[in-house]
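K.L.:
Each chain is listed here by its residues.
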Amino acid sequence: MNSIIEVKHLSKKYKLGEWQKYFTLRDTLVGISKLPFNIFRKKENKGLSKGEFWALKNISFKVSQGEAIGIIGPNGAGKSTLLKILSRITPPTNGDAILRGRVGSLLEVGTGFHQELTGRENIYLNGAILGMNRREINKKFNEIVEFSGVERFLDMPMKHYSTGMYMRLAFAVAAHLDPEILIVDEVLAVGDAEFQEKCLQKMDSISKEEKRTIIFVSHNMEAVQKLCSRAILIDKGKMVKDGNVNSVIDIYLKRSQQVSKISFSKRKDRWGTGQVKVINVNFKDAKGENIQNLKCGEDVEIDVGFKYFDKMVKKIDFVIEINSFYDQNKIVRIDNKILRKEIGVKDNPVKIKLHEIPILPGRYQFSISVLGKEGEMYDCFPEAGLFNIDYGDFYKTGTMPEKGQGYLLLKYDIE
Amino acid sequence: MITHIKPKSGLSNIDLAEIWRYRELFYIFAWRDIKVRYKQTILGVGWAVLQPIFSTFIFTVFFGDLVKIPSGALPYPLFVLIGLIFWGFFSGILSHASSSLIENESIVKKIYFPREILPLSTVGANLVDFAISFTLLIVVAVYFHFLPNPLLILIVLIGLIIGILGAGGMGLLLSAFNIKYRDVRYILPFFIQMLVFLTPVIYPTTIMRPSFRYLIALNPMTGVIEAARVVFAGGSNVNWQVLGISAISSLALFVVGLYYFKSTERFFADLV
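If you're matching them up, the sequences are chains A and B in order. The numbering of the first sequence is our numbering, which starts it at 78 and goes up by one. The numbering of the second sequence is our numbering, which starts it at 960 and goes up by one.
Since the hints were derived computationally from the structure, they do not count as laboratory data. Since the model is a prediction, treat every value here as computed from it, not as a measurement. All the given hints hold, so there is nothing to weed out.
Below, a list of computed lysine to any residue pairs in the SDA-like style, where the Cα atoms sit at most 25 Å apart:
| id | chain 1 | residue 1 | chain 2 | residue 2 |
| --- | --- | --- | --- | --- |
| 1 | B | 1221 | A | 168 |
| 2 | B | 1068 | A | 130 |
| 3 | B | 967 | A | 172 |
Covered stretches of chain A (in silico footprint by chain B; criterion: 3 or more residues with CB under 8 Å from a CB of chain B, positions within the stretch not fixed):
| id | region |
| --- | --- |
| 4 | 172 to 180 |
| 5 | 184 to 194 |
Don't be surprised by glycine CBs; every beta carbon is placed ideally from N, CA and C.
Starting from the given sequences, assemble the full structure and let the hints guide the process.
P.N.:
Right, dumping it as structure tokens:
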């Protein structure tokens, strides 16, 4: 079969310092003084100069028509960069790609929606931005409205929409785009379970019934498994594995476990100014012993060690978020500001005591961010580590809900 | 449809066929700007009329009555209103276009389309504002018993084209510049304020040395405003030479702006 997408040796180079998003003239004036020396230096795409890195390096693959292919990998692996190149938002540094067919890319749900405009107006606006013309939108209008289920609010400004309504309308427009190649990034990261299911079904029918090609990036392994027959694992910009979806996901899960065993200070899958960094995280049980697996209903202490590289920093804030690993739902957030607790240099390591863990057994992932008092990001660790929660007698009844029956355990009485 | 993605360096081609395919985006962005601009304002589109009225009043009191700037055949309020309305069209496009890429950052980062559509589509909403304020201008002219020369239609058309090319060109340049250097945001208001004094809005060029009159004609709106005043006074002796200089200057601005825009375009999504 002829391939509809051909990606050959695609590479993309970025400069470090991503968090400095723009320059001021002053920065450039400083740079200009060095210009006479740079001008004679031949521009070379292949090598790396100081402060540059490969966000994507030598990626090649082919996709046949009607195939749904999942792109997986840890944060910062280059998945989004790949989609941005395939959607022509940013050019590659080397290599090329051929796409045979109309491309619809959905890198964000609701791109270009305007809060002040009504739902009806936004359907036209969003549709046009995504590449539909008015005739096509008119033809699909009723279908879009029906799929979104927001008929009653169609003439209300979007700012009065709930997040759920917003997402449903946004996905509805994009799903009716009718491209030959659909590029989708993490759209399922938001929205409720019912909505996610509906989106998945729609994408599934786009791929299986309408024989359209889908490239799907997600952290949600269940969704990738459901939708795609093939997956590509990318890590640190390089292709690790291309093959059957189940085998690739297996490799990914194994690698994630290995990564979280590397000591924190050596890990590179983080970003931020680096003024203060997390150097270790330990889980301890009631006896003060280090543990890997937590138990429902038992107390746990999380010790987080920080290192202050910038002596000017005296106070910090931190946030730990716990997500379910397979479907990437946020479960809880631990935040010192919520307890109105100040963290200073001498609070090291910070000890967080969790009482009677009310989370269902399963595999979880946590992220840690260290922030300055002005909200500046010192260290952000999106996939800091993994842990398991095992069965424990939370209710002291010897029984509890099963996997899939929610995430949290609530203490309650029935009288 | 086959899309070939490859590394880009230097100047991107201007793909007219592609711009044509995306032509509805011009209309959609303009429509959005018009819809959004006066939402949640009590007076709504009334502002398009009130702003020039207020300015005319203030300028008439200070520059017409107090400083007694000569206004030729026209009464000062009509004289200054002509200047303000054409200048408003120019500066409106300039300021909206300059901030267009930044304001639509989320779209630029997530969707592909020919980028020049964003700054250039700001022309639409400004055309609507112009149409409204121009109606006001006609009313004011009738009030002062001035019947414009039929040449007015031609002058307005030429004026709009010069305005679109000049302000559009500068807008393309500054919008691309704005992506890299956010300084533009702070400089632009001063820049526009300064430009208004380098444009014969509140004064006629007749009070200048002749050599300087040709220099100031490099400002695209000079020729337009001067010509519009001549025809509003009923005359037809438009200084075509000055208008020609302004036209060439606006075309040059457009070419330079578009050139800079297309040669930096490929970085937009990475920098915003």
